[in-house]
Amino acid sequence: MTSRYRVDYSLKEHRRDGLVEWIKGLLATPFVLYAVKSNGLTAFDDLMVNSEAKRRYAEIFHDLELLIDDNIEMTKAGQPELSRLKQLVPSVGCFFTRLPLEKAFYIEDERRTISKRRMVAPSFNDIRLILNTAQLLELSSSFHSKMDTNNRLELVTFDGDITLYDDGMNFDASSPILPELIRLLAKDMYVGIVTAAGYSEGAKYYGRLKGLIDEIQISDKLTDKQRENLLVMGGEANYLFRYSNAKKELEFYPRDKWLLKEMNWSENDITLTLDFAQEVLSDLIVKLSLPAMVIRKERAVGLVAKEGHSLFREQLEEVVLRVDKRLKQFPASKRIRWCAFNGGSDIWVDIGDKAFGVKVLQEFISANDNTSIKAGNTLHVGDQFTSLGANDYASRTAATTCWISSPSETKVLLKDLIRYIDDWATY
Numbered sequence: 001m002t003s004r005y006r007v008d009y010s011l012k013e014h015r016r017d018g019l020v021e022w023i024k025g026l027l028a029t030p031f032v033l034y035a036v037k038s039n040g041l042t043a044f045d046d047l048m049v050n051s052e053a054k055r056r057y058a059e060i061f062h063d064l065e066l067l068i069d070d071n072i073e074m075t076k077a078g079q080p081e082l083s084r085l086k087q088l089v090p091s092v093g094c095f096f097t098r099l100p101l102e103k104a105f106y107i108e109d110e111r112r113t114i115s116k117r118r119m120v121a122p123s124f125n126d127i128r129l130i131l132n133t134a135q136l137l138e139l140s141s142s143f144h145s146k147m148d149t150n151n152r153l154e155l156v157t158f159d160g161d162i163t164l165y166d167d168g169m170n171f172d173a174s175s176p177i178l179p180e181l182i183r184l185l186a187k188d189m190y191v192g193i194v195t196a197a198g199y200s201e202g203a204k205y206y207g208r209l210k211g212l213i214d215e216i217q218i219s220d221k222l223t224d225k226q227r228e229n230l231l232v233m234g235g236e237a238n239y240l241f242r243y244s245n246a247k248k249e250l251e252f253y254p255r256d257k258w259l260l261k262e263m264n265w266s267e268n269d270i271t272l273t274l275d276f277a278q279e280v281l282s283d284l285i286v287k288l289s290l291p292a293m294v295i296r297k298e299r300a301v302g303l304v305a306k307e308g309h310s311l312f313r314e315q316l317e318e319v320v321l322r323v324d325k326r327l328k329q330f331p332a333s334k335r336i337r338w339c340a341f342n343g344g345s346d347i348w349v350d351i352g353d354k355a356f357g358v359k360v361l362q363e364f365i366s367a368n369d370n371t372s373i374k375a376g377n378t379l380h381v382g383d384q385f386t387s388l389g390a391n392d393y394a395s396r397t398a399a400t401t402c403w404i405s406s407p408s409e410t411k412v413l414l415k416d417l418i419r420y421i422d423d424w425a426t427y
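Under full-length UniProt numbering, the letters of the sequence shown match residues 1 to 427, in that order.
Hint data in this document are derived by calculation from the structure and do not stem from the laboratory. Here the structure is a predicted model, which means the values were calculated and not measured. The reader is advised that the hints may include incorrect statements.
Claimed, not checked - Here are the simulated lysine-lysine pairs, DSS-like style, with alpha carbons at most 25 Å apart:
hint	residue 1	residue 2
1	K225	K261
2	K334	K261
3	K187	K334
4	K334	K103
5	K210	K415
6	K297	K103
7	K210	K225
8	K328	K146
9	K210	K334
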């Protein structure tokens, strides 16, 4: 998974993140200045160079903090385009919280020895993890302030494949992430799983999440109320379930119980969009000679490999980019929200996107549990945050986010989050 992830990122311009690339450019200068001397280094020289490189890197991240603070203030004033960061990185999105990047750099530098490296410059993964850690530090800080309870983290949402479990696998009782999810629930947080897998039957999600649901049923660490803090949003934003103590299973909620006003699209436009996407996918199977077939669902259409065959990464990328471009030009699809994404072994076009999936959970919980959950109270964890062919990208407009590349990274991220919540002052 890791090598495929690196190759995808390195070779494809549309897989790159504007802010991360810009930060890489900023960090390139101190890296070059403190590279190995032509005549080598003494032990003392090495110590001094390490210290100076760390100082320069830390200064850059401190200045980035100030730029993000300025962006937040300009956004609140209704003029985000006037922020210095927006002018420097036009593709940058909205920040819902501050980011203590300097502190996060020191933490990740201890783990990844960024300032001690002489031959390998600060990478995409280094910066991604620093941004993740900064987000966790900020979200956990409100748990240690009596004055900041309104900004406390209340909802943590997750993608499924590559985030909670390996691609195509299920969440079973042996998952190393299971104890961390139970700890989140035990802290009275809501846990939402926002997945592209779309079913109207709770039994199918039970099959995918059996280990988690079984543990919620029997865990002595959870109260009955905390057990019901597990929610599942399937098909991006089409099927809502919540764990029910009374039924001892995931309870299905029809759309009229949670549909947002901005999601009240014409059924005719939805049908036309799916019909057109199906036509495009079928056409691409012929044009690209793909050993694949098209599958049509109620709110989605997909291209999957035939039994005994598989699709190359480049084929999947070609298909998702073509169908995305065609749909953006189709009149009916301009009137609704949809997402086309590369699932790793297949391609899907879903009605709605994960921004709506997260927003539905926020609104549903707020309306039913007498609370108020906003973007700054929500963290979405996922593996696909690039702007094209990735279905976690849209969630950036609805929540704070952490970008991971494997379930093992999710495990580390959750352990860090819980540690910062329990003992933030240490960091």
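- Decide if the proposed pair is consistent with the structure: K210 and K415, CA atoms, cutoff 25 Å inclusive. holds, 22 Å
- Compare the distance between the alpha carbons of K297 and K103 with 25 Å, and conclude whether the hinted pair is satisfied. violated, 47 Å
- Message: Would the hint linking K334 and K261 be met if the CA-CA limit is 25 Å?
- Response: holds, 17 Å
- Message: Given the hinted pair K210 and K225, is their Cα-Cα distance within 25 Å?
- Response: The hint holds at about 20 Å.
- Starting from K187, check that the Cα of K334 is at most 25 Å away, please. Violated, because 41 Å separates the two Cα atoms, which is more than 25 Å.
- Query: For the pair supplied as a hint, K328 and K146, is the alpha-carbon distance within the 25 Å limit?
  - Reply: Since the Cα atoms of K328 and K146 sit roughly 47 Å apart, the hinted pair is violated (cutoff 25 Å).
- Query: Holds or violated: K334 with K103, Cα cutoff 25 Å?
  - Reply: violated, 43 Å
- Message: Run the distance test for K225 versus K261: straight-line Cα separation, threshold 25 Å.
- Response: Outside the cut-off at roughly 29 Å; violated.
- Message: With the threshold set at 25 Å, check whether the alpha-carbon distance from K210 to K334 stays at or below it.
- Response: Roughly 38 Å separates the two Cα atoms, so the pair is violated.
Going through the hint list in order, the structure does not satisfy hints 1, 3, 4, 6, 8, 9.
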